[in-house]
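K.L.:
From first to last, the protein sequence lines are chains A and B.
Residue numbers in the first sequence follow this note's numbering, run continuously in steps of one, and reach 114 at the last position.
Residue numbers in the second sequence follow this note's numbering, run continuously in steps of one, and reach 225 at the last position.
Just so you know, these hints were derived from the structure itself, not from any lab.
We put the CB at the ideal spot given by N, CA and C, even for glycine.
Some hints here could point you the wrong way.
Sample of chain B residues facing chain A (criterion: CB under 7 Å; computed from the structure) [stated by the list, open to error]:
#	residue
1	Q147
2	H156
3	P157
4	F159
5	Q162
6	F215
7	G218
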Amino acid sequence: SQTIHQWPATLVQPVGSPLSLECTVEGTSNPNLYWYRQAAGRGLQLLFYSVGIGQISSEVPQNLSASRPQDRQFILSSKKLLLSDSGFYLCAWSGGVYEGNEQFFGPGTRLTVL
Amino acid sequence: GQQVMQIPQYQHVQEGEDFTTYCNSSTTLSNIQWYKQRPGGHPVFLIQLVKSGEVKKQKRLTFQFGEAKKNSSLHITATQTTDVGTYFCAGWNYYGQNFVFGPGTRLSVLP
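Please work from the sequences and hints to get the whole structure.
P.N.:
Written as structure tokens, this is what we have:
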């Protein structure tokens, strides 16, 4: 069966510090991968999605970046965090054949920038 | 760009009452998906609707996709405290280029 891992579960970082969040998927090949951010009590904002290694699409301009160094690994990074980067970061995967496949979410990382 | 709206934003019901949330897209959708997020948790896929006018049921939950494929609804019959959470709709636009989540409807069920 497929599983998706995210770490860390919680993170408190000072403004201006770097960020690296990692997401890995097991049990599937060539998945579509997604990074979302959810502000407290709000909806899901799609940040990045990837249909393959090295292929990243950005949905919103920001100081975050994403990379996909391996088929089942998706990394979210920042060189300098802003206060507005606080939120709940969710990684998700879906089948890579048809865009309409459902998305499976990881447990998320709660990031607080102070 | 494609926008997906949901109403109501919040709903408080007494246990046993029915609940409905509505999802409306600014563009025609190729499909609609529904997710549930429990407080403190991550979204969990519930169902996907693809066909115009499609209706699907999961126990007390009934999902409907509009004829024009621009709106959808989720109806819960006789709510239970386990139904508490935020319900999101999400959809791909007709050409499969954009996938957008609605802002969600937060359901509270009072025992």
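K.L.:
Give a verdict on every hint.
P.N.:
Evaluation of the provided hints:
1. A least Cβ separation of about 6 Å between Q147/B and chain A falls short of the 7 Å threshold, and the interface hint therefore holds.
2. Here the hint on H156/B is kept, as its CB sits about 4 Å from the closest CB of chain A, short of 7 Å.
3. Taking 7 Å as the C-beta contact cut-off toward chain A, the hint placing P157/B at the interface holds, the least distance being around 5 Å.
4. Evaluation of the F159/B hint against chain A yields a held restraint, the C-beta minimum of about 4 Å falling below 7 Å.
5. Look at Q162/B: its Cβ gets to within about 6 Å of chain A, closer than 7 Å, so that hint holds up.
6. For the restraint placing F215/B at the interface with chain A, the shortest Cβ-Cβ distance is roughly 4 Å, inside the 7 Å limit, so the hint holds.
7. For G218/B, the suggested interface contact is upheld, since its CB lies about 5 Å from the closest CB of chain A, less than 7 Å.
In summary, this structure violates none of the numbered hints.
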